[in-house]
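**Student:** This is what each chain is made of:
There are 2 protein chains.
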Amino acid sequence: MSVASADHDNALTALAESDVPAYMKELGQRARAAAKTLRAADSGSKNRALCAIARELDAARPALLEANQADLERGRQNGLDAALLDRLALTEARIDAMITGLEQVGALPDPVGEISAMNYRPSGIQVGKMRVPLGVIGIIFESRPNVTIEAASLCLKSGNACILRGGSEAQASNAALNACLQAGLKSAGLPSSAVQVVATTDRAAVGALITMPEFVDVIIPRGGKSLIARISLEARVPVIKHLDGVCHVYIDATADPAKALAIAINAKTHRYGTCNTMETLLVDAAVADLILPELARAFAEFEVELRGCERTRALLPQALEATEEDWAAEYLAPILAVRVVDGIDDAMAHIERYSSQHTDAIVTEDYSLARRFMAEVDSSSVVVNASTRFADGFEYGLGAEIGISTDKLHARGPVGLEGLTTQKYVVLGEGQVRQ
Amino acid sequence: MSVASADHDNALTALAESDVPAYMKELGQRARAAAKTLRAADSGSKNRALCAIARELDAARPALLEANQADLERGRQNGLDAALLDRLALTEARIDAMITGLEQVGALPDPVGEISAMNYRPSGIQVGKMRVPLGVIGIIFESRPNVTIEAASLCLKSGNACILRGGSEAQASNAALNACLQAGLKSAGLPSSAVQVVATTDRAAVGALITMPEFVDVIIPRGGKSLIARISLEARVPVIKHLDGVCHVYIDATADPAKALAIAINAKTHRYGTCNTMETLLVDAAVADLILPELARAFAEFEVELRGCERTRALLPQALEATEEDWAAEYLAPILAVRVVDGIDDAMAHIERYSSQHTDAIVTEDYSLARRFMAEVDSSSVVVNASTRFADGFEYGLGAEIGISTDKLHARGPVGLEGLTTQKYVVLGEGQVRQ
Numbered sequence: 198m199s200v201a202s203a204d205h206d207n208a209l210t211a212l213a214e215s216d217v218p219a220y221m222k223e224l225g226q227r228a229r230a231a232a233k234t235l236r237a238a239d240s241g242s243k244n245r246a247l248c249a250i251a252r253e254l255d256a257a258r259p260a261l262l263e264a265n266q267a268d269l270e271r272g273r274q275n276g277l278d279a280a281l282l283d284r285l286a287l288t289e290a291r292i293d294a295m296i297t298g299l300e301q302v303g304a305l306p307d308p309v310g311e312i313s314a315m316n317y318r319p320s321g322i323q324v325g326k327m328r329v330p331l332g333v334i335g336i337i338f339e340s341r342p343n344v345t346i347e348a349a350s351l352c353l354k355s356g357n358a359c360i361l362r363g364g365s366e367a368q369a370s371n372a373a374l375n376a377c378l379q380a381g382l383k384s385a386g387l388p389s390s391a392v393q394v395v396a397t398t399d400r401a402a403v404g405a406l407i408t409m410p411e412f413v414d415v416i417i418p419r420g421g422k423s424l425i426a427r428i429s430l431e432a433r434v435p436v437i438k439h440l441d442g443v444c445h446v447y448i449d450a451t452a453d454p455a456k457a458l459a460i461a462i463n464a465k466t467h468r469y470g471t472c473n474t475m476e477t478l479l480v481d482a483a484v485a486d487l488i489l490p491e492l493a494r495a496f497a498e499f500e501v502e503l504r505g506c507e508r509t510r511a512l513l514p515q516a517l518e519a520t521e522e523d524w525a526a527e528y529l530a531p532i533l534a535v536r537v538v539d540g541i542d543d544a545m546a547h548i549e550r551y552s553s554q555h556t557d558a559i560v561t562e563d564y565s566l567a568r569r570f571m572a573e574v575d576s577s578s579v580v581v582n583a584s585t586r587f588a589d590g591f592e593y594g595l596g597a598e599i600g601i602s603t604d605k606l607h608a609r610g611p612v613g614l615e616g617l618t619t620q621k622y623v624v625l626g627e628g629q630v631r632q
Numbered sequence: 198m199s200v201a202s203a204d205h206d207n208a209l210t211a212l213a214e215s216d217v218p219a220y221m222k223e224l225g226q227r228a229r230a231a232a233k234t235l236r237a238a239d240s241g242s243k244n245r246a247l248c249a250i251a252r253e254l255d256a257a258r259p260a261l262l263e264a265n266q267a268d269l270e271r272g273r274q275n276g277l278d279a280a281l282l283d284r285l286a287l288t289e290a291r292i293d294a295m296i297t298g299l300e301q302v303g304a305l306p307d308p309v310g311e312i313s314a315m316n317y318r319p320s321g322i323q324v325g326k327m328r329v330p331l332g333v334i335g336i337i338f339e340s341r342p343n344v345t346i347e348a349a350s351l352c353l354k355s356g357n358a359c360i361l362r363g364g365s366e367a368q369a370s371n372a373a374l375n376a377c378l379q380a381g382l383k384s385a386g387l388p389s390s391a392v393q394v395v396a397t398t399d400r401a402a403v404g405a406l407i408t409m410p411e412f413v414d415v416i417i418p419r420g421g422k423s424l425i426a427r428i429s430l431e432a433r434v435p436v437i438k439h440l441d442g443v444c445h446v447y448i449d450a451t452a453d454p455a456k457a458l459a460i461a462i463n464a465k466t467h468r469y470g471t472c473n474t475m476e477t478l479l480v481d482a483a484v485a486d487l488i489l490p491e492l493a494r495a496f497a498e499f500e501v502e503l504r505g506c507e508r509t510r511a512l513l514p515q516a517l518e519a520t521e522e523d524w525a526a527e528y529l530a531p532i533l534a535v536r537v538v539d540g541i542d543d544a545m546a547h548i549e550r551y552s553s554q555h556t557d558a559i560v561t562e563d564y565s566l567a568r569r570f571m572a573e574v575d576s577s578s579v580v581v582n583a584s585t586r587f588a589d590g591f592e593y594g595l596g597a598e599i600g601i602s603t604d605k606l607h608a609r610g611p612v613g614l615e616g617l618t619t620q621k622y623v624v625l626g627e628g629q630v631r632q
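Sequence order for the protein chains is A and B. Here the first sequence is numbered in the numbering used here, starting from 198 and rising by one per residue. Here the second sequence is numbered in the numbering used here, starting from 198 and rising by one per residue.
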């Protein structure tokens with residue numbers, strides 16, 4: 198590092214401590230300038246940076262683990278619970294996973310620059326669309342330090358500058374990861390401010406980041422529902438987000454019982470804490486007496502607590518009584534709400550009312566019902582005869598995932614590299630003027 | 198109309214006068230319910246409704262003109278200026294244009310339901326994307342009553358329910374147009390609340406419309422910059438908008454002088470008041486002495502006032518001195534800012550700083566410069582060797598245009614039917630579960 202740039206960085210660090218709004222504005226201006234360079238960067242230099250960052254991580258293992266130990270130590274002193282400490286921890290295996298992730302993102306096709314739908318118009322001009330980066334992306338996340346590398350790699354590959362605000366509990370880990378990012382960017386000749394890790398834990402930094410439309414094009418919050426809800430409410434910049442995953446599986450009268458059982462069990466028990474986990478099971482009254490007892494036995498083995506409607510409880514006396522809150526609940530736990538419904542219209546009405554429009558599935562062998570469910574259910578993923586757990590960027594073949602959006606505009610469902618880009622129109626002429 | 202529904206409508210009208218927030222909530226709930234029906238409506242019934250509305254307009258000409266006369270009369274009494282009165286006026290020709298517009302939208306392909314990129318994944322599931330309506334669209338516009346029909350037709354065709362808030366000066370005209378819309382919807386068997394025209398001129402209606410995310414999925418404001426800026430600031434719902442059209446033409450040293458002249462004249466003088474009109478001309482210093490005097494003679498014929506940088510004024514002493522404000526100005530008038538620049542980098546730096554990212558053009562015969570301009574200029578339309586005036590939904594072949602977006606997310610540039618839709622993921626399986 199040159200003396201001049203070291204001085205510059207020291208001045209920035211001092212600003213982070215003394216004047217958070219001015220510091221965030223400075224980060225914003227730098228990001229905007231870096232975005233201009235990244236917009237024109239070719240795939241080769243972006244991929245070289247990703248590989249260089251991977252090499253830096255590999256070389257920095259002792260420093261990363263040491264920094265992480267400091268965070269863990271502080272976390273224990275501050276009384277963080279075991280689950281949070283686990284998310285915070287870096288291990289050799291997790292460093293391996295970050296390195297593999299960087300290499301995988303490097304190997305993905307570059308979305309930037311693709312020109313599509315280029316056609317001649319009657320006036321003689323050619324009109325098409327070119328895929329381009331969004332510009333500057335602000336990402337706000339909580340404890341897991343590996344998100345720093347994941348988010349940086351996806352933004353870099355898609356030609357966006359990013360400003361990353363991680364959890365305060367991971368501050369030392371994120372600083373160590375940032376050193377690897379900076380070294381990798383430098384060796385590939387990309388601007389250091391292509392990726393900027395916010396150096397203050399002051400909460401005012403988040404407030405500034407989400408209210409600078411002149412410097413930030415989109416905010417992606419990753420974390421708990423309350424964090425995301427607050428950011429969405431206060432942001433003056435578009436937010437790509439999902440709040441809830443209240444996902445349904447509807448077992449229709451014509452469902453293959455073996456498929457229905459396998460899907461329902463997998464959708465609930467494969468992982469309890471994920472947003473694409475089933476939270477409510479709907480069963481057609483015509484087959485409830487056949488399906489529910491068998492399902493209940495299977496769920497009992499997984500120690501899943503069932504909360505049912507009246508008709509469910511008539512068949513499964515062991516189920517607790519479901520209340521109105523249960524139909525809207527995202528348990529993220531071994532609990533399942535169960536409702537007996539009268540056919541697909543009743544099922545779709547329940548989904549219309551209670552679904553968070555994340556992922557909803559039908560199990561059916563009826564062609565027309567599958568077709569209706571697909572067209573009429575207004576969720577970001579609509580699934581026929583498969584587990585809701587498939588709603589995931591990797592399973593969908595996006596090659597990466599920065600998050601899942603339950604918004605309707607721009608990006609809906611799992612968001613990969615394409616969701617971090619936009620399309621502009623390009624017009625080619627030979628001197629044409631408008632008549 | 199049945200007695201029950203007439204009673205219902207009278208109750209709604211009373212609510213519009215007594216309690217605007219409650220009235221808007223009622224419109225929102227009705228729109229949400231209608232959106233569910235429209236989502237599943239086939240192209241045939243939507244097209245039948247469009248044709249029926251056209252027939253209703255044709256049959257209602259005397260009533261439309263009479264209602265419009267009342268608006269014009271009131272406008273004159275309230276001192277509206279001539280330009281506003283002209284925008285407000287309905288004529289036989291403008292009614293013809295509305296009818297033709299409806300028929301054209303009817304003839305466009307239905308964007309809804311298209312499934313794309315459907316592929317098998319290693320797990321055996323098929324994953325694709327299905328194009329679906331956004332849901333409920335709120336449109337806020339000013340005096341031109343024909344926007345009522347245009348907006349309603351595009352929302353209907355794309356399967357969206359809409360709530361239309363026109364200018365208070367067009368209230369009687371909009372009520373008469375709404376009668377045609379309602380009759381057309383009814384005859385096609387679509388819900389009357391598929392299109393709702395706000396019946397109160399109370400400004401609180403706008404405030405309510407833009408802050409009901411539970412009922413409205415997107416707001417499209419059409420009108421002056423201050424209206425759009427205010428709505429964007431206060432909305433709690435995504436807004437599709439453009440604020441400014443500060444469009445540039447850059448004439449490079451290799452430009453064909455005849456093409457450069459034709460494009461610059463057309464981009465400025467074809468229409469002064471449109472957002473894709475050129476506001477600043479950039480000329481490479483290498484050809485400024487050749488190009489500028491000829492351009493100045495041509496602009497003089499159109500009585501376009503020139504405001505130039507120092508180097509421009511050295512060549513064109515008749516030009517006024519351009520100030521910093523001129524580079525950022527959207528004149529919407531026969532005024533043009535002119536700057537002499539040193540090559541493409543200087544030109545792109547000017548555009549990066551002052552462009553509103555609407556439409557920017559280069560005139561060049563140099564392949565590499567054309568390629569760079571296309572990739573590096575971050576505007577919603579980037580044009581090579583053609584007039585900026587082509588940035589338009591019809592010229593681009595969208596078949597229709599609800600507006601032009603200078604936002605980056607969701608829709609960028611001219612917004613047609615596709616911009617009123619979104620894509621959800623559809624997953625087809627045979628009982629697959631996640632491993």
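Source of the hints: derived by calculation from the structure; they are not laboratory data. Keep in mind that a hint or two might mislead.
Which copy? The list can't say, so a pair holds if one copy fits it or any two copies do.
[What the hints assert, rightly or not] Each computed EDC-like pair below joins lysine to aspartate or glutamate, with the alpha-carbon atoms no more than 16 angstroms apart:
#, residue 1, residue 2
1, LYS326, GLU573
2, LYS326, GLU502
3, LYS422, ASP441
4, LYS326, GLU615
5, LYS222, GLU598
6, LYS456, GLU627
7, LYS383, GLU549
8, LYS326, ASP589
9, LYS456, GLU491
10, LYS456, ASP563
11, LYS233, GLU549
12, LYS422, GLU500
**Student:** Now tell me if each hint is right for this structure.
**Tutor:** Hint by hint, here is what the structure shows:
For the identical chains of this complex, LYS326 and GLU573 are inter-copy neighbours only, at 14 angstroms across copies versus 30 angstroms inside a copy, given an alpha-carbon limit of 16 angstroms. Taking CA atoms no more than 16 angstroms apart as the test, LYS326 paired with GLU502 passes in neither setting, with 51 angstroms inside one copy and 35 angstroms between copies. Proximity of LYS422 and ASP441 under a CA criterion of 16 angstroms is satisfied intra-copy only: 7 angstroms inside one chain copy versus 36 angstroms between copies. Both within a single protomer and between protomers do LYS326 and GLU615 lie at most 16 angstroms apart by alpha-carbon distance, with minima of 14 angstroms and 14 angstroms respectively.
In the homo-oligomer, the alpha carbons of LYS222 and GLU598 never lie at most 16 angstroms apart, since the shortest distance is 28 angstroms inside one protomer and 37 angstroms across protomers. Taking the closest pair of Cα atoms, LYS456 and GLU627 come within 16 angstroms of each other only across two copies (8 angstroms); inside a single copy the shortest separation is 60 angstroms, beyond that limit. Taking the shortest Cα distances, LYS383 and GLU549 never come within 16 angstroms of each other, neither inside one copy (51 angstroms) nor across copies (25 angstroms). In the homo-oligomer, the alpha carbons of LYS326 and ASP589 lie at most 16 angstroms apart only across protomers (14 angstroms), although the nearest pairing inside one protomer, at 27 angstroms, exceeds that limit.
Taking the closest pair of Cα atoms, LYS456 and GLU491 come within 16 angstroms of each other only inside a single copy of the chain (13 angstroms); across copies the shortest separation is 77 angstroms, beyond that limit. In this assembly of identical chains, the alpha carbons of LYS456 and ASP563 lie at most 16 angstroms apart only when taken from the same copy (14 angstroms versus 62 angstroms across copies). Within a single copy, LYS233 and GLU549 get their C-alpha atoms only as close as 43 angstroms, which misses the 16 angstroms cut-off; across copies the closest is 9 angstroms, which meets it. Proximity of LYS422 and GLU500 under a CA criterion of 16 angstroms is satisfied in neither setting, with 26 angstroms inside one chain copy and 59 angstroms between copies.
Of the hints listed earlier, those the structure fails to meet are numbers 2, 5, 7, 12, in rising order.
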